[in-house]
Amino acid sequence: MMTIKQYIESVMSDAISRTYNTTINPNISKTSKPIFGDYQANFAMKLAGSIKDNPITIANTVVKALADDSHITTSVAGPGFINISISSALLIEQLNQILACPRLGIEPTNSVRRIVVDYSNPNIAKEMHVGHLRSAVIGDSICRILTFLVHDVIRQNHIGDWGTQFGQLIEYLIDLKHLGEDTTIRDFNAFYQAAQQCFNNDPAFATRSRKRVVLLQSGDPETLELWQQLVDQSYSYFNTIYPKLDLLLTMDDIRPESYYNPMLADTVQELVALNIASYDDNAVVVKLDDIKTKSGDSMGMIIQKSDGGYLYATTDLAALKYRVKTLKADEIIYVTDHRQKLHFDMVFKTAKLAQWIDDSYPIQHVSFGAVLGTDKKPLKTRSGDLITLRQLLDEAEHKAATLLSQKSHSNDNQNIANIIGIGSLKFSDLSADKQKDYLFNWDQMLSFDGKTAPYLINAYVRIQSILRQYPKDQSPRIADDFTSPFERQLALKCTQFADVILESTEGFEIQKICQYVFELAQLFHQLYEHCPILKCSPELMNHRIALCQITAKTIKQSLHLIGIRTCDYM
RNA sequence: GCGCUCGUAGCUCAACUGGAUAGAGCAUCGGCCUUCUAAGCCGAGGGUUGCAGGUUCGAGUCCUGCCGAGCGCGCCA
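Count along the first sequence from 1, then add 9; that gives the number in our numbering.
Hints in this document: simulated from the structure, not taken from any laboratory. Treat the hints with care, as some may be off.
Below, a list of computed lysine-lysine pairs in the PhoX-like style, where the Cα atoms sit at most 20 angstroms apart [what the hints assert, rightly or not]:
#, residue 1, residue 2
1, Lys330, Lys296
2, Lys303, Lys220
3, Lys39, Lys61
4, Lys301, Lys358
5, Lys220, Lys296
6, Lys334, Lys361
7, Lys73, Lys55
8, Lys303, Lys361
9, Lys42, Lys521
10, Lys361, Lys337
Restraint ranges, calculated between C-beta atoms of paired labels, are given here [unchecked claim]:
#, residue 1, residue 2, range
11, Tyr578, Ala488, 28 to 34 angstroms
12, Gly382, Ser304, 18 to 24 angstroms
13, Asp289, Glu528, 30 to 36 angstroms
14, Ser41, Lys61, 34 to 40 angstroms
15, Ser493, Ser59, 41 to 47 angstroms
For glycine and all other residues, C-beta sits at the position ideal for the given N, C-alpha and C.
Start from the sequences and build out the full structure, keeping to the hints where you can.
Written out as structure tokens, the structure is:
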């Protein structure tokens, strides 16, 4: 189904081609202010430049050609803006369609693509920390949006389970076993730090560790067995974190670095054979001229160390090729922090040089900034450690529970505290431009005032409360016209859901969905405050209940797309 | 030194990708509860968009140069 904006685009384009025999984007947007109407068209000034005519004349000519359209009324203002107001009839027709549509008027895409989304990516034998929150939350929302559009989404959790650090970790594990100690790791940070300390202070341990790396890479069964223990313990740890976060990600989505080990040698050989990579001081390097080192020399991407070892660049290249050739991905999205931008630029360039993908292949690094405390420094606990993800999640639930205990209408507070706490965490992360560093503030995100998850969920809960009290013998129905500007504003906002989702999909500007659902909740609260919903004539009640139903469905769907659940009581 | 990202109200952020008088939310101040959840609503004040030029009918947005912040720049991931 066509949105109102799309309808206006269509009739406007048609009028432009009838009057000026040309195709130009009519440039339709919502008006900056309500006094200008509902939508505006800003093409006349641009067209004036190309056909050398007065923009006001152009706007008037096009407006005249639209005169017989009963759904829109137009006026020309300023340097050639066309202000557009839509008829109640058009708005109501839209509302009825949305009310009848489980997808709220959003069609599945007509070009289904297989899209790999690479996100979360924690490390084995390492505690997850705040930094892992953003990739998980953003990546998950991207998957939800693409899935809703019915793309074929393949989630890939590229877990770091390989590398030189495992030499010391495994040796440390062996030492613990020899001491007869419990080798169940309860605190990965402590384990990791202890292993590192042994490596730094005990030369014999360091030597053993280096040998252990070689054993691991050569596939020594005993070493692999110990490595597997670390992997298993880490996976069960992830299983205590992921469910709390309510992610789509499952254990089936894990495709760790080690998965690509058998492909690394071939990957390097192929790039050498293609003359894309060459030897430099015994290391294999992909030459990329436009990238420079600190001293100004042109730099390459090392894909094999002089000792024969492989690096994460090699793994990423092998993974990329695997995704294109084996998984048959039409598009790949990497969700990691912006410090890795140069790395991915080099990987993507190399893949294009090798012609695994062509220049137009959609592959992108969706990057994001750091999580900072209110002092604009990395989030730390009181003792100065980097705050762990588990601490963060527990704290969010705990704070939400405290909030609920003050005034609650429900007896399911633990579940609701999870919804509110985790929802607050996610919403405040997603509601700002992800490119910028993000200032973490408990008081702000858990407030019922302002652009927060509690405010939104509260709006939803209020509607549910009304819907429960709505008489069973009535049937909701949008009336033939609006009786209040509050109704009309809310109705118009409801019809814009599809536009917002489609807009936010380009570049994954998730903050636009957050902004939209906030404005929607605000407009509902205004209606709620100024217009009785249950205490009015049956006809009016049915009309307003229908509006409430659409609003509730839209809030729920919007929040679902950003990975936030709703509840019926709070 | 080079590259990337950024600089908007006291604070946190928007601004539909070049459009009208730069908007929200916090915080501050002032109103509204015998009324569907006041966890809400209504109102007020608050700005030389880091600085200086340029392009354009029109610039927070594009170009150039400064100033400032963060991040990155070969054998770690």
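Consistency of the hints with the structure:
{"no.": "1", "hint": "Lys330 <-> Lys296", "verdict": "holds (19 angstroms)"}
{"no.": "2", "hint": "Lys303 <-> Lys220", "verdict": "violated (33 angstroms)"}
{"no.": "3", "hint": "Lys39 <-> Lys61", "verdict": "violated (27 angstroms)"}
{"no.": "4", "hint": "Lys301 <-> Lys358", "verdict": "holds (15 angstroms)"}
{"no.": "5", "hint": "Lys220 <-> Lys296", "verdict": "violated (31 angstroms)"}
{"no.": "6", "hint": "Lys334 <-> Lys361", "verdict": "holds (14 angstroms)"}
{"no.": "7", "hint": "Lys73 <-> Lys55", "verdict": "holds (19 angstroms)"}
{"no.": "8", "hint": "Lys303 <-> Lys361", "verdict": "violated (26 angstroms)"}
{"no.": "9", "hint": "Lys42 <-> Lys521", "verdict": "holds (18 angstroms)"}
{"no.": "10", "hint": "Lys361 <-> Lys337", "verdict": "holds (16 angstroms)"}
{"no.": "11", "hint": "Tyr578 <-> Ala488: 28 to 34 angstroms", "verdict": "holds (30 angstroms)"}
{"no.": "12", "hint": "Gly382 <-> Ser304: 18 to 24 angstroms", "verdict": "violated (36 angstroms)"}
{"no.": "13", "hint": "Asp289 <-> Glu528: 30 to 36 angstroms", "verdict": "violated (56 angstroms)"}
{"no.": "14", "hint": "Ser41 <-> Lys61: 34 to 40 angstroms", "verdict": "violated (28 angstroms)"}
{"no.": "15", "hint": "Ser493 <-> Ser59: 41 to 47 angstroms", "verdict": "holds (44 angstroms)"}
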